[in-house]
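> Chains A and B supply the protein sequences, listed in that same order. Mapping to the numbering used here: the first sequence position 358 is 358, numbers consecutive. For the numbering used here, count along the second sequence from 1 and bump the result up by 1000.
No wet-lab data here; the hints were simulated from the structure. Where is the CB? At the ideal position from N, CA and C, for every residue including glycine. Heads up, a few of these hints could be off.
What the hints assert, rightly or not - Label pairs and their calculated CB-CB ranges:
(1) B:T1025 with A:D156: 52 to 62 Å
(2) A:L131 with B:I1120: 28 to 38 Å
(3) A:P339 with B:T1025: 36 to 46 Å
(4) B:F1108 with A:P462: 35 to 45 Å
Said to hold, decoys possible - Here are some chain A residues pointing at chain B (derived, C-beta under 7 Å):
(5) K51
(6) V58
(7) L175
(8) Y252
(9) H376
As the list claims (entries may be wrong) - Here are some chain B residues the structure puts well away from chain A; computed CB gaps all over 12 Å:
(10) L1007
(11) A1022
(12) E1033
(13) N1074
(14) R1079
(15) P1134
Each chain is listed here by its residues.
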Amino acid sequence: MSASVTVVGSGASGVHFALTLLKKGHKVVMLDAGRKGNAPVHPDSNFNELKGRLDDPVSYFLGSRFEGAVLPDSGDEYYGIPPSKEYIFDHHRGFQYSARGFAPLFSFAQGGLAEAWTAGCYPLNESELELFPFSYRDISACYEEVARRIGVTGADDDLARFMPLHGDLMPPLNLDRHSQLLLESYSKHKSRINDKFGAHLGRTRVATLSRPLGSRKACDYLGRCLWGCPIGALYTPSQTLNECRTYPGFQYHGDLNVDYFKIGRNGRIESVIAHSLGSTTESEFAVENLALAAGTLLSSKIVMQSIYRSTGERVRLRGLMDNRQVLVPFVNLKMIGQPFSAETYQYHLLGMGVRTGAAADYVHGQITTLKTAMLHPIMERLPFDLRTASFLTRTLHAALGIVNVNFRDDRRDDNYVTLSDTSSGSRLEVSYAPATDEPVRIREGVGKVKQTLRTLGCVVPPGMAHVRPMGASVHYAGTLPMTRESAPLTTTEYCQSRDFKNLFLADGSTFPFLPAKNITFSLMANAVRIAEAAF
Amino acid sequence: MTDSKELQRECRLFTRYLLGCAPDTYVERKYIEAHETLSNLAPANRFDIFLMGAARRHWILLKLADAYAGIFDNRGLLRRKLVLLFAILESSPPFFQKIDVVDGEGRFLLACSAIIRGFISVLSLIAGAILFVPASMILRGPAGAKK
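With these hints in hand, go ahead and build the complete structure from the sequences.
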């Protein structure tokens, strides 16, 4: 029998949940804020050619308000969000939040936060799924299904010990010279790196096409990934949203912010209340089944607001998680003074897996060599006059790289989200404190990464490692966990709410553990898993 | 408030200093536009005014002021303006090509170039410190705190 499911949000989870249902012949109504960016400009030009072809290149690269210029007192990270992607993180008028110990990012864009991801696809392994109420066997086919849909490149190499190999992997993307040298050096020093530091290097798995898939072209190596892949070779959820639109059973309502759902006498959700982003006019949508896929923080807000409207109770959803990330810059001595190619894949091509302590304490590093990029954010940090800094940056450009080291997180009761009242509505409050053992884990993990880099022939400049604020990785999870035992404000193994029977949580809010990996690929696979099983 | 003519002169001097060539009208326009847009490109204290005044006077003083700012005043006005101009130049043709080109051919020439530049940089820093540290103490107080 055909079901009707209302899905809130068009991010990575929402679109794959919706597409799975549509393929099974169900009806899907999607409610979405749905902000859109501009169409890509000059899709055939590489990073440098683009500068010559645009009428106003400074507005494109630095923004019309120069918001992309990283000035010394701005406190920005090395590389922030480029102006072309700012729409992804723009808040709508009236959205209020406060955060303690956490720097959250929200998205009201079509495709959600993953419109700005770096495409890392890392399936969780058996030990990382230990706290989940299902095993790798239950989700492996879903990883393959997502890989078929979005196109994932990768290789059966040393990193496979940390992330299971699944079917439908495309051959890896072409390596740049710097990444190639790192891999060659790894082959030479492999046994020492493996045995002494517990580290392994290999090709990252990325959702960027190395060969055409459907109407999508293979990567053209234009060096523009950060500004938004102009040819769609780098997967974003809005591509799957477009696929959903081709199904007659799919209805899309954009420009909507979902506030709460109404609960009937039988404990079932009857309707959803939303308002248009530009106004306070409310709309009501009757629902048969509801799936929240607005991202952990915004889905949590909808649940809390709904409970408050229904019972007057202000609940706290505990167990918020995010990956701590530490950026470790390095200089490869063999690449000093070498030219760089503008025709290259800009994001990470190599990954580093480091075993520390128990299997679930795995530390994951994404190795990005510097190719096409703005140089002023690096220069402004060097303790020299800018002429000298410019010479150094030029000379070191092709030799620079950065490892983005990810650390796992656990659900802890003192990390929570809740709502508070303000004169103009309700405000989302986020509170987070890192685990007490985090500094020790960071020291150990980063220490091993640095030792590995040195063995590979790189210099790690002292004092340059940057601990990113919690919230920066945007891998939020854990507020409505799926559990084996029944308890309020938890979900079943199929992410069905135990409080409201026709509610499903299709995003990261149900993850009971956050391994040191980008979870986007697992979010998509989990969304497929629950859509397959529940309807 | 700094007028357009003054900003144009500043842009020309700074571009010559950074890249050894003159900016085009597009770069000048964007530099002026940035000053009209960004709020943190105005002097925050008397020392900012003094250092900018010295930097605008002659390229040698600009070199010394920049060397001083790189260590002792790396969030100051001069540093902000130079970084901003660099960001504009690296986004604009044909200037970005000058920024991408690696100096010298071969490691030996590169090493020689690095040694000479390093030597000049250290000398500039010493001279800059002799000139500007006392001025900073007088104009901002001994703690160097911004007012």
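> CB of T1025 of chain B to CB of D156 of chain A, is that within 52 to 62 Å?
56 Å, holds
> Would N1074 of chain B pass as off the interface with chain A, using Cβ distances and a cut of 12 Å?
6 Å, violated
> Within 28 to 38 Å: is that where the Cβ-Cβ distance between L131 of chain A and I1120 of chain B falls?
59 Å, violated
> Taking C-beta pairs only, is P1134 of chain B more than 12 Å away from all of chain A?
19 Å, holds
> With 7 Å as the cut and Cβ atoms as the points, is H376 of chain A at the interface with chain B?
At 4 Å from the nearest chain B Cβ, H376 of chain A passes the 7 Å test, so the hint holds.
> Against chain B, run the beta carbon of K51 of chain A and see if the smallest gap drops under 7 Å.
5 Å, holds
> For R1079 of chain B, is the shortest CB-to-CB distance to chain A above 12 Å, so the non-interface label stands?
Violated: least Cβ distance 5 Å, not greater than 12 Å.
> Under 7 Å is the threshold here; is the Cβ of L175 of chain A close enough to any Cβ of chain B for the hint to stand?
Constraint on L175 of chain A not satisfied, violated at 21 Å.
> State, for the Cβ atoms of P339 of chain A and T1025 of chain B, whether the hinted interval 36 to 46 Å holds or is violated.
30 Å, violated
> Classify the hint on Y252 of chain A as holds or violated, based on whether any CB of chain B lies nearer than 7 Å to its CB.
Status violated, d = 36 Å.
> Beyond 12 Å from every chain A Cβ: check whether that's true for E1033 of chain B.
Non-interface label on E1033 of chain B violated, nearest chain A Cβ at 8 Å vs cutoff 12 Å.
> F1108 of chain B and P462 of chain A, beta-carbon distance inside 35 to 45 Å?
27 Å, violated
When the structure is compared with the earlier hints, violations turn up for hints 2, 3, 4, 7, 8, 12, 13, 14 and for no others.
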